[in-house]
Amino acid sequence: MIKEEVAKLLQSASEKAGVKNIQVELEHPANPQFGDYSTSIALKVAKNLKKNPVEIAEKISENLSQNELIEKVEVIKPGFINLWLSQNYLLDVAVKTSEDKITFSPYSLGPLKKLMIEFAHPNTHKLFHIGHLRNISIGESLVRILQASGNSVIRSNYQGDVGLHIAKCLWYIKYKTSQGELNKIRNSPLHERIKFLGDAYAKGQVAYDESVEYKNQIININGMIYNQKGDVVPLWKETKNWSFEYFSEIYKRVYTKFDRLYPESEFAKRGVEICKAAEEKNILKKSEGALIFIGKEYGLDTRVFINSFGYPTYEGKELALAEKEFSEFGELDKCIHIVTPEQKSFFNVTFKVEELLDAKKFKNKQYHLAYEWVKLKSGKMSSRTGLVIEAEWVIDQAKKKIVQTFKCDKNTAEILAVASVKYSFLKNNVFAQIAFDFAESISLEGNSGPYIIYTYVRTQSVLEKADVSARKKFANLKITKEENDLLRMFYQFTDIVRKSGKDLAPNYIANYLYDLASKYNLFYQKHPILKSEGETKHFRLILTKAVGNIIKQGLYLLGIETVNKM
RNA sequence: GCCCUUGUAGCUUAAUGGAUAGAGUAGUGGUCUUCGGAACCACUGGUGGGGGUUCGAUUCCCUCCAAGGGCACCA
Numbered sequence: 001m002i003k004e005e006v007a008k009l010l011q012s013a014s015e016k017a018g019v020k021n022i023q024v025e026l027e028h029p030a031n032p033q034f035g036d037y038s039t040s041i042a043l044k045v046a047k048n049l050k051k052n053p054v055e056i057a058e059k060i061s062e063n064l065s066q067n068e069l070i071e072k073v074e075v076i077k078p079g080f081i082n083l084w085l086s087q088n089y090l091l092d093v094a095v096k097t098s099e100d101k102i103t104f105s106p107y108s109l110g111p112l113k114k115l116m117i118e119f120a121h122p123n124t125h126k127l128f129h130i131g132h133l134r135n136i137s138i139g140e141s142l143v144r145i146l147q148a149s150g151n152s153v154i155r156s157n158y159q160g161d162v163g164l165h166i167a168k169c170l171w172y173i174k175y176k177t178s179q180g181e182l183n184k185i186r187n188s189p190l191h192e193r194i195k196f197l198g199d200a201y202a203k204g205q206v207a208y209d210e211s212v213e214y215k216n217q218i219i220n221i222n223g224m225i226y227n228q229k230g231d232v233v234p235l236w237k238e239t240k241n242w243s244f245e246y247f248s249e250i251y252k253r254v255y256t257k258f259d260r261l262y263p264e265s266e267f268a269k270r271g272v273e274i275c276k277a278a279e280e281k282n283i284l285k286k287s288e289g290a291l292i293f294i295g296k297e298y299g300l301d302t303r304v305f306i307n308s309f310g311y312p313t314y315e316g317k318e319l320a321l322a323e324k325e326f327s328e329f330g331e332l333d334k335c336i337h338i339v340t341p342e343q344k345s346f347f348n349v350t351f352k353v354e355e356l357l358d359a360k361k362f363k364n365k366q367y368h369l370a371y372e373w374v375k376l377k378s379g380k381m382s383s384r385t386g387l388v389i390e391a392e393w394v395i396d397q398a399k400k401k402i403v404q405t406f407k408c409d410k411n412t413a414e415i416l417a418v419a420s421v422k423y424s425f426l427k428n429n430v431f432a433q434i435a436f437d438f439a440e441s442i443s444l445e446g447n448s449g450p451y452i453i454y455t456y457v458r459t460q461s462v463l464e465k466a467d468v469s470a471r472k473k474f475a476n477l478k479i480t481k482e483e484n485d486l487l488r489m490f491y492q493f494t495d496i497v498r499k500s501g502k503d504l505a506p507n508y509i510a511n512y513l514y515d516l517a518s519k520y521n522l523f524y525q526k527h528p529i530l531k532s533e534g535e536t537k538h539f540r541l542i543l544t545k546a547v548g549n550i551i552k553q554g555l556y557l558l559g560i561e562t563v564n565k566m
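In the working numbering, the protein residues as written are 1 to 566.
No wet-lab data here; the hints were simulated from the structure.
Since we're looking at a predicted model, the values are computed, not measured.
C-beta atoms are modelled at their ideal positions from N, C-alpha and C, and glycine is treated no differently.
Please note that a few of the clues may not be correct.
Think about it this way: if two alpha-carbon atoms lie no more than 25 Å apart in a straight line, the pair counts; the simulated BS3-like pairs of lysine-lysine are [to be verified]:
no.	residue 1	residue 2
1	LYS276	LYS113
2	LYS126	LYS16
3	LYS3	LYS16
4	LYS363	LYS114
5	LYS537	LYS565
6	LYS195	LYS113
7	LYS276	LYS229
8	LYS101	LYS363
9	LYS96	LYS334
Derived DEER-like restraints, expressed as beta-carbon distance ranges [said to hold, decoys possible]:
no.	residue 1	residue 2	range
10	GLU71	GLU27	12 to 20 Å
11	SER248	THR103	52 to 60 Å
12	PHE431	LYS286	36 to 44 Å
13	LEU261	GLY534	52 to 60 Å
14	TYR255	THR103	35 to 43 Å
15	ILE76	LYS481	55 to 63 Å
16	LYS51	ALA370	42 to 50 Å
17	LYS51	ASP467	28 to 36 Å
18	GLU27	GLU297	35 to 43 Å
19	GLU27	PHE431	17 to 25 Å
20	ALA370	GLU238	45 to 53 Å
21	GLU4	SER248	52 to 60 Å
22	ALA370	LYS286	27 to 35 Å
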């Protein structure tokens, strides 16, 4: 890749200039007046060498061997070395990009290049909300980015189908719903059944706090589910399948699929066994009837793995999940858990216990990507207070807005709706809380999914009316400022994808695409394409095609579909 | 009490220790006999307070203030 090549050239120039034992790092200057690549190496070594950084920079640039890639080198004020790529090289990249020959540089998280990304994790019997949607948007995008970087990536999803919240829901059905009513619901469409479960949970929640009798009944139901014994089990199985069915509809709607769905209930038994084994190895210890991990000596929290009733907690089950995840698909280099930050303590502890159980298998291989919450402008989302926004509702609303405003067909509106929702999450840093507000977040103009798709449609509309296929050599091409700005975007795409894989940051790609689309729209505004002539026209068509190809590829990496007309 | 995050324009936000802190939106004023106006341009406006490290700090360190999360039987 070009960046590595330029870095290599600079590295040897630096060594010739007497600057040794330091890695040359390159960046894209934000301001184009500072070139295509820039390095501050002279500034970094100046103090140790006790020399003026500008002198060092000049010496390095003198030692830079003549090369067809680099057109110009400049040393500036404090000691920056700025490099300009040659126009021939840039044109070559443009032509290759227009032919869809984009190769991503490999980036892997380990020697086997085998990763698992565990994401989504909704709970059955509960609302699937916009927080899950942010999670899926990030997860699906990271899968695609890391795949494009040459890894084999397994998508997994740990779905909670046991726990008190489910007992609360089932309590309402068992004690407060008549057979007749229940049968009616059984025969109703999926969305109504899901709504019923949500309402049942809310009512069970109230009942739990309301009376001791109800509370005990709910705890009793919870026990039946754990033990897989009792009259409520068939009802549990039936209703959780409604949820699973519903989830798979949503996954499909947002272009996600999973290689493996892990239901939490399958890990209780094995979890207990592993915990017992860990107790024998003295990793877990008995305390007040429970089996716990004492975190203090590792600077971690103390957490319970098996409670005093003998049931495995979330921690206990996690050990069994990890065992399965790290064996079912062979050896893994890395398992990335996309989960909110409230679980930091939990993961720090379970990762440590896993490491103590089997260092070879788990050490440094588990990673918790603590993406942040989606807050509402009015406060934190909470299913207890009813302040939750359902995922499908948001997509439906966006779709409605699109159909009303632009009168496009339903299929196009669906793609644009999903694009606007996903993009609104992906353009932000995963570690930043998002304040969700429908009018602002689901935007159809400016820095938004539809804006980028619109730009793509524009390129396709131009290309429909012209033929770019005949490849020509450029002889006397005069390049305008807007064309130059565009031309200098293309070589950066693969750098950006690599970096977003390395930092697990899809927002780099989103922001790059927005930048590219803005530059194209400005170019489009100022310069005629189809009405220009000769090699200028050919060049402008190449730019158009290259922009279209990058947008399409880039949106794919974000998990967003494109359309040809809108 | 202890630990972990986060604080950037009115609002939503970007920025591997780099150069003049970049956008969107809202507001004001403009562009189009042109290939798709879901477009383009201009103006207004910002790093919570105080120290420190550094040639250089939104970024690292300390402190104060503010918000969020976590710390034994929930998931």
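For each hint, the structure was consulted:
no., hint, result
1, LYS276 <-> LYS113, "violated (33 Å)"
2, LYS126 <-> LYS16, "violated (65 Å)"
3, LYS3 <-> LYS16, "holds (20 Å)"
4, LYS363 <-> LYS114, "holds (16 Å)"
5, LYS537 <-> LYS565, "holds (23 Å)"
6, LYS195 <-> LYS113, "violated (42 Å)"
7, LYS276 <-> LYS229, "holds (23 Å)"
8, LYS101 <-> LYS363, "violated (39 Å)"
9, LYS96 <-> LYS334, "violated (34 Å)"
10, GLU71 <-> GLU27: 12 to 20 Å, "holds (18 Å)"
11, SER248 <-> THR103: 52 to 60 Å, "violated (34 Å)"
12, PHE431 <-> LYS286: 36 to 44 Å, "holds (38 Å)"
13, LEU261 <-> GLY534: 52 to 60 Å, "holds (58 Å)"
14, TYR255 <-> THR103: 35 to 43 Å, "violated (24 Å)"
15, ILE76 <-> LYS481: 55 to 63 Å, "violated (21 Å)"
16, LYS51 <-> ALA370: 42 to 50 Å, "holds (44 Å)"
17, LYS51 <-> ASP467: 28 to 36 Å, "violated (57 Å)"
18, GLU27 <-> GLU297: 35 to 43 Å, "holds (42 Å)"
19, GLU27 <-> PHE431: 17 to 25 Å, "holds (21 Å)"
20, ALA370 <-> GLU238: 45 to 53 Å, "violated (35 Å)"
21, GLU4 <-> SER248: 52 to 60 Å, "violated (42 Å)"
22, ALA370 <-> LYS286: 27 to 35 Å, "holds (31 Å)"
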